[in-house]
Amino acid sequence: MLELLQRIFGRDSLKSSKNVAQERLRLVLMHDRLDLSPQVLEELRADLMNVIKDYMVIDEKMMEINLEQDKKCVALVANIPVVRMKRLPSH
Amino acid sequence: MGEVYVITSGKGGVGKTTTTANIGTSLAMQGYRVVLVDADIGLRNLDVVLGLENRIVYDLVDVAHGRCRLRQALIRDRRFENLYLLPAAQTKDKTAVNPEQMKELCAELKKESDYVIMDCPAGIEQGFRNATAGAEKAIVVTTPEVAAVRDADRIIGLLEASEIRDPVLVLNRIRTKMVKTGDMLDVEDVIEHLAIDLLGIVPDDESIIISTNRGEPAVLNSDSKAGQAYRNISRRIAGEEVPLMNLEDGGGFMNRVRRLLGLRTG
Ligand SMILES: Nc1ncnc2c1ncn2[C@@H]1O[C@H](COP(=O)(O)OP(=O)(O)O)[C@@H](O)[C@H]1O
Ligand SMILES: [Mg+2]
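Top to bottom, those sequences are chains A and B. At position 52 of the first sequence the residue is numbered 52 (the working numbering), and the sequence of numbers has no breaks. For any residue, its number in the working numbering is found by taking its place in the second sequence, counting from 1, and adding 1000.
What the hints contain is simulated information worked out from the structure, not anything from laboratory work. A hint or two may mislead.
As the list claims (entries may be wrong) - In the BS3-like style, the derived pairs of lysine-lysine whose C-alpha atoms are separated by at most 30 Å in a straight line are: (1) A:K18 with B:K1011; (2) B:K1137 with B:K1092; (3) B:K1111 with B:K1092; (4) B:K1137 with B:K1103; (5) B:K1177 with A:K18; (6) A:K15 with A:K71; (7) B:K1180 with A:K18; (8) A:K15 with B:K1011; (9) A:K15 with B:K1180; (10) A:K86 with A:K61; (11) B:K1177 with A:K15; (12) B:K1092 with B:K1011; (13) B:K1180 with A:K72; (14) A:K72 with B:K1011; (15) A:K71 with B:K1011.
This is chain B alone, in the form it adopts within the complex (with noise of 0.2 Å):
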């Protein structure tokens, strides 16, 4: 029986859907059974990301209206047999499914897979709620901004008062560069503001777009710096031990010469 994880933000565009790109196919790269669910629908976005945009016949609505069987709208991923996607619908918007449709979903998905990750759309209304609603533990992505770390103290308060329990954090974006002149929040006044435990941390990095761009997770490319990241959280996940990394020697000149020299850094 697995565990349902919600990757949920508040605000929009910080990386919630990389976030369960990377971390899911992290996971199913370990060997587990990994269920990823678009929930923002009307939005669908973890598809293309994940490249299995073309292999869509059925999608979440589809299934929770009983117009086909789970298994039909499941799309296994191409390089892992145990990764799957259950895409968002895109012509409806989020009131064509309900909390309680979603509860259902997930008791079924987590049957037979080890991880069942939500991807939520923006937002407190009833995307949020959906998405949560079947959720038995909650990642909560921010940036090192006012905006976004604002929005993800209003998302903390909110699992909170459901029935969530200690969310963990995800910083992603971090610009070492910025925060050493002083010109960017610091992991440790972003988890001193939000009073919650960090999961991990992730580097803006441009072969997160590289990534993208081709509908390769960036975990699946070993010279990544983010992509080290998401590996490092997901093994965490896994209940491993993993210290954080160092962001410091990131795409500087010397990795470039160590990388050259085909020494590993990271």
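Chain A with its partners taken away, still in its complex shape (with noise of 0.2 Å):
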């Protein structure tokens, strides 16, 4: 009865299932994609490490990437020591 009288009036009060399950396939999604294969991986940290070393020097042995992950969102984390800052031309 309750759900009857939320569906009449204002509808957002109540997320309509189709909402739920937008955002339930957004994540699964992610998710279900982000199972990089090793091979993935060593590719985006080589591309990355081109880019940076145009900006800084970096110890490439210590450089970490990783995915990581909760319930609501998916980050790229990137630990990259930095040895010296080149220097820019400035603009």
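Please dock the two separately framed chains into a single complex, following the hints provided.
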């Protein structure tokens, strides 16, 4: 009964099941697709390193990258020790 | 020289066999030479949906192992002489054939047909590898539910890793009323999640159950909404541009009135 009333007055107070499905699908697909192969992760690492090298000298051996996830989101976490900054041409 | 399609989904029960039977029958109605292959070895189904279950002598495994010639195993449809079924074996399992044999089979079949359509089993194991081995194109079937869409995503990933490029999607069992009340994922929602081109949409429709009971694919019934949807889909496969059908005027009251008055819809 309450559900019926909520449906009639102000649908927003009750999240429609479609919106719930949308959100669950978004997360589950993200997590499924996260399953990167070591090879892909290695390529990503090499690409990242190449970009960063133009700006600073980094300790490649200590560099760590990981995908971290909790229930609500996924983060690409990189820990890259900087040895020295390069002198950037000022603009 | 024909093209080999695989109809696949990951999840079971979303409508692969229904889709294979209807697309195949509709392409045959349009005059194309069509061979439908039941690659669901051990769980033979397509013969029943097509109403050809009493005519089986040899099956796919017999052909693969050279126990009969391909021609002897092909069953010609009663309604269309250009429609054939190659049935699955019922007593063996999916390891009874391998992807290499399936490739050879497809190469043979497409020599004398316009469309070879494989009904893929559920899952991502050997049955899937067998059914996709000889295929050039893929149609992914899903329903607007979280689990089905998730499995479709997985399948799309696997197809991309294989030689099959740009699979297309059939979204099956849409209930317009539920979409309207916000209780079912919409076509756009699913497309956005899967990032794949849409081949067509099919309503959830009682006429599918009735036609399966009878062994007469819904495309043969001009009053069936799902049949109309599948006829549209097969025309798109054949290269025609057909707009997406409006599922709104489904089996509603006004539609029944219109039908009573003899006015066509869809
Ligand atoms: N559009 C539809 N409307 C109603 N029932 C459907 C529809 N599509 C499929 N079904 C039913 O769903 C069940 C599973 O379909 P099937 O084609 O056998 O799926 P799969 O081959 O993917 O396992 C069958 O009973 C079928 O009649
Ligand atoms: Mg099936």
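Going down the list of hints, with the structure as the test:
Annotation: proposed proximity of K18 of chain A to K1011 of chain B holds, straight-line Cα distance about 20 Å (limit 30 Å). Taken as a hint, the K1137 of chain B and K1092 of chain B pair is honoured in the structure, with Cα atoms around 27 Å apart against an allowance of 30 Å. For the suggested pair K1111 of chain B and K1092 of chain B, the alpha carbons sit about 27 Å apart, so the restraint of at most 30 Å is met. Under the criterion of a C-alpha separation no larger than 30 Å, the hint pairing K1137 of chain B with K1103 of chain B is consistent with the structure, at around 14 Å.
Note on K1177 of chain B and K18 of chain A: the hinted pairing holds, with a Cα-Cα distance of about 13 Å set against a maximum of 30 Å. Our distance criterion of 30 Å between C-alpha atoms is met by K15 of chain A and K71 of chain A, whose separation comes to about 19 Å. A C-alpha spacing of about 10 Å is found between K1180 of chain B and K18 of chain A, which places the hinted pair at or below 30 Å, so the restraint holds. Straight-line distance between C-alpha atoms of K15 of chain A and K1011 of chain B comes to about 27 Å, which keeps the hinted pair within the 30 Å bound.
Only pairs whose Cα atoms come within 30 Å are accepted, and K15 of chain A paired with K1180 of chain B is accepted, the gap being roughly 14 Å. Distance hint between K86 of chain A and K61 of chain A is fulfilled; the C-alpha atoms sit about 19 Å from each other, no more than 30 Å. Simply put, K1177 of chain B and K15 of chain A have alpha-carbon atoms about 17 Å apart, close enough for the 30 Å limit, and the pair holds. The suggested pairing of K1092 of chain B with K1011 of chain B holds, with an alpha-carbon distance near 22 Å, which does not exceed 30 Å.
For a cut-off of 30 Å, the pair hint linking K1180 of chain B to K72 of chain A stands: about 28 Å separates their Cα positions. For the proposed pair K72 of chain A and K1011 of chain B, the alpha carbon gap of about 26 Å is at most 30 Å, so the pair holds. For the suggested pair K71 of chain A and K1011 of chain B, the alpha carbons sit about 24 Å apart, so the restraint of at most 30 Å is met.
Violated hints are absent here; each numbered hint is respected by the structure.
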